[in-house]
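**Student:** Construct the complete structure from the given sequences, taking the supplied hints into account.
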Amino acid sequence: MKIRPVEDLDLEDIAAIDEKIGGTYRPDVWERRIVYYIRRDPEVSLVAEIDGSVVGFLLGEVRSGEFGLEEPTGWVEVLGVDPDHRGQSIGRRLAEEMWQRFRSRGAKTVRTMVDEGMPQVSGFFRALGFEPAPVTSLALHLDR
Amino acid sequence: MSTTTTRLPNRFHSAVESWRERFLPDYQFLIDNWEKYFPKDERFELVAHRECGMCGIIECGEEEGKPKYTKACDMKPQQASHLLGAVKAQASTEFGSIQQHQLTLARAQSEQDQFWVLRMMAEELRHGYQMLHLLLEDDWSNVSDQSGEEMVEEILQMRTGSHTLGAFNIDFDSFVDNIVFCALIDRVGKYQLTMQKVSAYQPMAESMPQMLREEAFHLATGVVPMRRWAEESAKGEPFVTMEILQKHINKWLPRGVEMFGDERGGGTNVRYGLKPMKNGEAQSDYYDECDKVVRDLNLRYIRARDEKLDHKAAREVLRRMTEGGETVDGVGRPEDLISTPDKRFFRRRGMHAWELVGADGETFEDVEEYIRHLVRNLPEQYTAGRDFKGYIDLLRKVHAGELDGGAASREMPNLRHVGGVCPCSKSVRWVQEDANGSVAV
Chain A
1 MKIRPVEDLD LEDIAAIDEK IGGTYRPDVW ERRIVYYIRR DPEVSLVAEI
51 DGSVVGFLLG EVRSGEFGLE EPTGWVEVLG VDPDHRGQSI GRRLAEEMWQ
101 RFRSRGAKTV RTMVDEGMPQ VSGFFRALGF EPAPVTSLAL HLDR
Chain B
145 MSTTTTRLPN RFHSAVESWR ERFLPDYQFL IDNWEKYFPK DERFELVAHR
195 ECGMCGIIEC GEEEGKPKYT KACDMKPQQA SHLLGAVKAQ ASTEFGSIQQ
245 HQLTLARAQS EQDQFWVLRM MAEELRHGYQ MLHLLLEDDW SNVSDQSGEE
295 MVEEILQMRT GSHTLGAFNI DFDSFVDNIV FCALIDRVGK YQLTMQKVSA
345 YQPMAESMPQ MLREEAFHLA TGVVPMRRWA EESAKGEPFV TMEILQKHIN
395 KWLPRGVEMF GDERGGGTNV RYGLKPMKNG EAQSDYYDEC DKVVRDLNLR
445 YIRARDEKLD HKAAREVLRR MTEGGETVDG VGRPEDLIST PDKRFFRRRG
495 MHAWELVGAD GETFEDVEEY IRHLVRNLPE QYTAGRDFKG YIDLLRKVHA
545 GELDGGAASR EMPNLRHVGG VCPCSKSVRW VQEDANGSVA V
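So the protein sequences, as listed, match chains A and B. The opening position of the first sequence corresponds to residue 1 in my numbering, with each subsequent residue numbered one higher. The opening position of the second sequence corresponds to residue 145 in my numbering, with each subsequent residue numbered one higher.
These are computed hints drawn from the structure, not numbers from a lab. We put the beta carbon where it would ideally sit given N, CA and C, even for glycine. Where hints are given, some of them may not hold.
Here are the simulated lysine-lysine pairs, DSS-like style, with alpha carbons at most 25 Å apart [stated by the list, open to error]:
hint, chain 1, residue 1, chain 2, residue 2
1, A, Lys2, B, Lys184
2, A, Lys108, B, Lys184
3, B, Lys334, A, Lys2
4, B, Lys379, B, Lys456
5, A, Lys2, B, Lys456
According to the in silico footprint, chain B covers these stretches of chain A (three or more CB under 8 Å from chain B) [said to hold, decoys possible]:
hint, segment
6, 51 to 57
7, 108 to 121
8, 128 to 141
**Tutor:** Given below as structure tokens:
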């Protein structure tokens, strides 16, 4: 397995993995997201390749000043692993490489938000050592 | 990861700013609207960056394992001379591409595409600045009679037509050129920068990481609009069709392939530890990447034609159309898709220069028939221009036995600065070297 930074050539492959997971082909959504991370710091967001095919991706970046957290913090936005390649520690390998890149950019903490309705995702991050942080995610529905 | 930041001495910094005012007049507009398109991104700054903590040991070639050079005067003269040529060529391409992009920037149909290209132009300016920093920071007197000041002046005076590499001497005819150039020609830049990241000359190696980070966005600046155009074309929009995309790929890919140098060469750079790959090897990887871009554009097209197809089914349709030559109901004919032109197509330099090989690899016996093939497969605005005319004149001479291929490659007309080195002179004229190397204006 090869872990490398995400690049423009991965757009279609990432959209295909997302489609396999969620059932919808959303190339424009992934173009926007991936270009954002490429523009910000293309060395931090990563893909995993097996035999030359992209089988997983992890997008994130180091930011400061979010929610009053002034220190450089690694933020993980999205993880995707090809369902046909689950159980091969692809997510873990991507995460370990990303943490290393976060560290080299001065981050001491990694943060993410997970939907508690998706226990698989929550379980994945807990298995990596994440624990609940004293920050609560709140939402207000303006259309109600 | 940490970097040092340097500003050129004032008079050189001002010279680059003056150049910017002339060739990148929308710069202030970019800065004023930065937040709208690039919120959260650090503002652009015209400085040179050097990465700290990079490998200090030569990574390839005859001196592998020895400490990298920090000064050009410590290198072998031939080695330093090769390096100096590479720095000047790199600088020339950075400034050259801005001049090309400026020609058609205003013609973009989408404001976002235009802003992305504008940011890319500003970053190319910084890359040129980075190379000037290398020229001014060190003493090159053991391999050049020119002072740093003269080298900077020479680079800033170059115009489209007088740049070191062919791709930077071709005028853009529409905004499609801006985009396809980013996707294909900036991709060559990615390869060059990646290879130079291991340079035996430490200041060069340290200059590459930040340039590479920025270059990644430049490739996306090209690929994303191309993908959108492929989808729009599939849905019947008349603006940038697959046929137009194909013709522009045919225009630029051969120039990109040639930017690696002759397929058989590059060994000297590897021996000197300046690059880890020979020309042919890097060119081959580059070509495969371009092929991936084309394949993904076709997938996007196919999926927009038949939205019921999932990724796997779309790949199978692509295979049937491209390998089987099938027409597929609800999608279209094989000729509706685009393809990567043959590596030997429309070449003027390297191993396949002046060969009569078509876009699909077919060969021609008759040069006039080949010219008609080129005209059918290249953008109309381009075939009406000077670069194409120069190529055709030489192609006819080569195939009439009036000129050998090597001489023809050297004779492609150039725009040269003919006003001496006076900084106030901006005159350029069409010139052509004769066989003795003298210049006819």
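**Student:** Hint by hint, note whether the structure agrees.
**Tutor:** Hint check results:
no.	hint	verdict
1	Lys2/A - Lys184/B	violated, 31 Å
2	Lys108/A - Lys184/B	holds, 21 Å
3	Lys334/B - Lys2/A	holds, 20 Å
4	Lys379/B - Lys456/B	holds, 21 Å
5	Lys2/A - Lys456/B	holds, 23 Å
6	51 to 57	violated (count 0)
7	108 to 121	violated (count 0)
8	128 to 141	violated (count 0)
Violated hints, in rising order: 1, 6, 7, 8; the structure is consistent with all others.
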